[in-house]
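Participant: Go by the hints and put chain B onto chain A.
Which chain is which? The protein sequence lines are A and B, in order. The numbering of the first sequence is my numbering, which starts it at 1 and goes up by one. The numbering of the second sequence is my numbering, which starts it at 398 and goes up by one.
One thing to keep in mind: the hints can contain errors.
What the hints assert, rightly or not - Under the rule of at most 16 Å between Cα atoms (straight-line distance), these lysine to aspartate or glutamate pairs were calculated in the EDC-like manner: (1) B/Lys-464 x A/Glu-384; (2) B/Lys-461 x A/Glu-384; (3) A/Lys-130 x B/Asp-435; (4) A/Lys-153 x A/Glu-82; (5) A/Lys-52 x B/Glu-472; (6) B/Lys-519 x A/Asp-137.
Keep in mind the hints are simulated off the structure, nothing from the lab.
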Amino acid sequence: MSKQTLIPIGPYHPLQEEPELFKLYCEGEIVKDIKWETGYNHRGIEKLSEKKSYDEVFFLVERICGICSTSHPFAFANSVEEIINVEITNRAKYIRSIIGELERIHSHLLWVGLAGHFLGYNTVFMWAWKYREPVLDLFEMIAGNRNNYAMFKIGGVRRDIEKAKIPAIQEVLALVKKKTDLLVGAVTDDPVFHARTKGVGVLTREDIVNFAAVGPTARASGVDIDIRRDDPYAAYPLVNWKVITSEAGDVFAKAEVRLLEMYESISIIEQCLEGLKREKEGDIDVKVKHIPEGYGIGRAEAPRGEVFHFVVSDGSNSPARHKIRAPSYTNIATFKKSCVGQSISDATITLAAVDPCYCCTERLAVAIDRNNGQRIMNAKEIIEHSTQITNRLLNNE
Amino acid sequence: MGFKTFCFKKSLWLFHFGGASCNNCDIEILACLTPKYDVERFGMVLVGSIRHADVLLVNGSINKKDKPRLLEIYEQAPKPVLVVAIGACGCTGGIFAEGETFAGPVDKIIPVDAYIPGCPPKPEAILAGIVKLLGKN
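Chain A extracted, bound-state conformation (with noise of 0.2 Å):
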């Protein structure tokens, strides 16, 4: 048997934006085996949000991850919508579509832009990122920021989008589309990114179902899920729209996944502004005086996959009880299977190909030992709770 190298990608890697731990285990060039080490980006936001009014919620789980800000509200909302059973009016509908979708173009060209980074393919990755800017400058008229949009409540959007905005949005719609013609010619004609995309951490259908792993993974894999068309809601049953699958499973299959399905938003948003024009102005929001007792289950389809929320409440300005599981919780489990026999050339590359967000999916790792059940402490925490002790025991005397 020959040695086994380790190659530690992270905490504060150039290749990655967040911080988070990837031991590769290398024979030779090959990739044998893959651990992952999360904990640096916990912020307890659960536990947080349990502290906050519901109202209060929303700008808090809208900070779980920048990139897909749209989507945690969306989810939250509809748990507790569920809960206090409200329906709310078509226009709130549209809003809620449009900015759903104008977020998954974003996200989407960002991850163009990345991929083609790390395959060194850099003028994909400026134009990606030039183009998304128009879209931003959107964001900045409707709600006011580029990111963090505050644009959801409960029962309806926090700011209308008024008939002198729409032609400014086609404008960009139409421009967004003419340039995701540029990408799509720049991805699929160049022989180079077919030959370090294609065949590279291919995932079969059976991986994605025992890896339970969602959204563009999943469809380019050839497993149809989408929570828009699976569980409806906001304005999706109202729009003609279909989802886009593939049947390769790798990378060059979620890169044209992401591709197609940014025609799909830009279509969405056209039909959801075309739905605004009929809808009386103003009629945002259904006004909601009290929360009850009960739970609910809120999930919505970030760019990225399947969002769930899970809100209990016992009748109280606050949730009882909070639940999140980000869609990059399960795809980042895939890694095990697509990096595994790679070379370390391509891994980063199938690393990059979930678009995966650690910022949503970090957990708190505590050791614990199997046979009594105690929290094991290392070497560093035993001395710093002994120093609390003496420490004490000095004050006290």
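Facilitator: Showing chain B alone in chain A's frame:
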């Protein structure tokens, strides 16, 4: 011309430390490098190692696991180094300051030269902050 002014006269190299953040500030820092803002025309680039950097950009609230690593990275930085805390979380802890894993805002851990507030600050604000910092030194 003082030593510090001499050091920071030309092409600053940046190192980015993302603490426990929501990714937004990270993305806005990256957006500074892309065609619309393009800080590379001033010679600013993101580098992979703190040992090559003149400026340490820190964003996000710092949790218990990040704290020793941030200290270590600061100690490894060649001095003088400018530390910039970016975003509401970097400046004060922001919405996560009440969290149970929160280990203090950046300035409680390492000395900070400039604060750029905002959630997230716009790329223009990040650029303006760094320009002001250079004017000060």
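Participant: If a hint holds in the structure, say so; if it does not, say that too.
Facilitator: Evaluation of the provided hints:
1. B/Lys-464 x A/Glu-384: holds, 15 Å
2. B/Lys-461 x A/Glu-384: holds, 13 Å
3. A/Lys-130 x B/Asp-435: holds, 10 Å
4. A/Lys-153 x A/Glu-82: holds, 14 Å
5. A/Lys-52 x B/Glu-472: The given pair, whose Cα atoms are some 37 Å apart, is violated under the 16 Å limit.
6. B/Lys-519 x A/Asp-137: Satisfied, since the Cα-Cα distance of roughly 11 Å is no more than 16 Å.
Hint compliance for this structure: hint 5 is the single one not met.
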